[in-house]
Every structure is written in structure tokens, then in C-alpha cells.
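**Q** Order-wise, the sequence lines are chains U and Y. Counting in this note's numbering, the first sequence runs from 1 upward without gaps. Counting in this note's numbering, the second sequence runs from 1001 upward without gaps.
Simulated from the structure, these hints should not be mistaken for lab results. As the structure is a computational prediction, the values presented were derived from the model and not from experiment. A hint or two may mislead.
As the list claims (entries may be wrong) - One side only, chain U facing chain Y, incomplete, derived with CB under 10 Å:
| no. | residue |
| --- | --- |
| 1 | 16 |
| 2 | 19 |
| 3 | 23 |
| 4 | 72 |
| 5 | 76 |
What the hints assert, rightly or not - Cross-link-like lysine to aspartate or glutamate pairs, in silico, EDC-like; alpha carbons within 20 Å at most:
| no. | chain 1 | residue 1 | chain 2 | residue 2 |
| --- | --- | --- | --- | --- |
| 6 | U | 85 | U | 26 |
| 7 | U | 117 | Y | 1087 |
| 8 | Y | 1028 | Y | 1087 |
| 9 | U | 3 | U | 59 |
| 10 | Y | 1024 | U | 59 |
In this text, a Cβ means the ideal position worked out from N, Cα and C, and glycines have one as well.
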Amino acid sequence: MFKAQNIISIGVFAFFGGTLRYLLGEWLSYNGTILVNLSGSFLLALLTYYAIANNRWPEWLTVGLGTGFVGSYTTFSTFNIDMLKMITQNQAGLLSYFLTTVIGGLGCAFLGYLVAKQFNKREQR
Amino acid sequence: MILMIGLGAAVGSIIRYVLTQIVKQKQKTVFPLATFVINLSGSFLLGMLLGLNSTPVVYKIFGTGLIGGYTTFSTFNTEIILLKNSDQPKMAMAYLLSSYLGGGLLAIIGWQLGKLLG
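Please build the complete structure, drawing on both the sequences and the hints.
**A** This is the structure we're talking about:
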């Protein structure tokens, strides 16, 4: 069930995804979490509908990029903790942070799916 | 230190992958149970770590690195699109609402529990 090359690939890619998320968070604070979560949702939907759905790339590469890099680059736990911190520190920004993440995350994932569909169509011609 | 954060994220992601594969093999519904449990438990754990008032270094390695890499926002949203595209709009909505409600609630519970223990 578990191939060593998949596990290693996920670990290596996740190392870079997590490090990039940390650096963006240090630089942009709450906006860093929004940036990684929205761009990551776009990238994963694109990857899922372009590469994984058509078996374009080897499994170790798609799980490394998807589950490893993008999965580690985005975060659900920090999103909730950001809001927890905002309750005491920045109530004015709380609602816009929540709505931007919820609507933007879903919107970006849907956009990734649409772009993948276009790519797939173009290659069928 | 940045090396330790990356290593934490690598370990967190591998745990997420292994758990997801095991749950997917055993479950019979299309509800993304694995990601749901991972995101809720991770929100609880990160809340607890915050409440425990740990040092910044510990929080960055275990919180930002390990737990941040363990939970995932991109898979959550992609699964909602996948559910919607496979004619499961009600389940997509239920997954969305339960994840946001549950994640927020468990973060608060973990935070309070951490403060009690810390």
C-alpha cells in the first residue's frame, strides 16, 4: 500500500512547501496565510484535474507536488488559530479574513478546475 | 531553525498521507472523512499549543511546521469541487460547513484546554 518512493517524495516536497509557508507568514503575517491558502487551492485543483485525472505524470511526482508541496504549503489549522488571535487583537479584520479565505479558497479551487479543463481541451485538438 | 520547520512539515505531510490512504481503503462513503478528521484534530492541537504558551521556537517547529503541514486547506477545497462535480452538492455543502464550524470550535476548545494545563 505504501511505496517508499511516494513517501520520500512527499517528505522532500513538503519540506519546501512548509518552509515557503513559514517565510510568507513571517513576511506578511495574516495576509501570508491568505496568500498560501488561496494560491494553493488554485494549484491543487489545477494539478488534480490536469495531471492526476489523466495520469499524465508518474505517481511519485503527483503525490509529491499535490499531497507534499501544495498540501504542506496550505494550512487549515493556522487559519483557525489566526482567527482565534484576531478575536483578541484585531476584531475589525476578523470578518474580512474569514470571508476572504472561505469564498476565495473555493473560488480559486474552482478557477484551477476551469483552467485545467481548458488545458485538457486544447490538448485534445 | 528553518530546517526544523521544514522537517516538521515533511513529517506532518507524511502522517496526513498515510492516514488518508488507510481511511480511504476502509471507508464506504464518498465523504472526505480523512481530511475532515485531520483538519479538525490539527486545529484542536494547534489551539492547545497556543494555549500552553510554549516558546516561539517550539511553536514554530511543532505548530507552524508539524501541525501546519499535517492539516491542509488546498485538499479541503479541491474535495469540495470534486464532490460538486460528481453530483454531490449537498455533501459538498455539509463538508464545507462542518469543517469550518468544527475547525473553529475545536481550535477554541484546544486553546482553553491548553490554558488550563499550561
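**Q** Can you list which hints this structure breaks, lowest number first?
**A** Violated: none.
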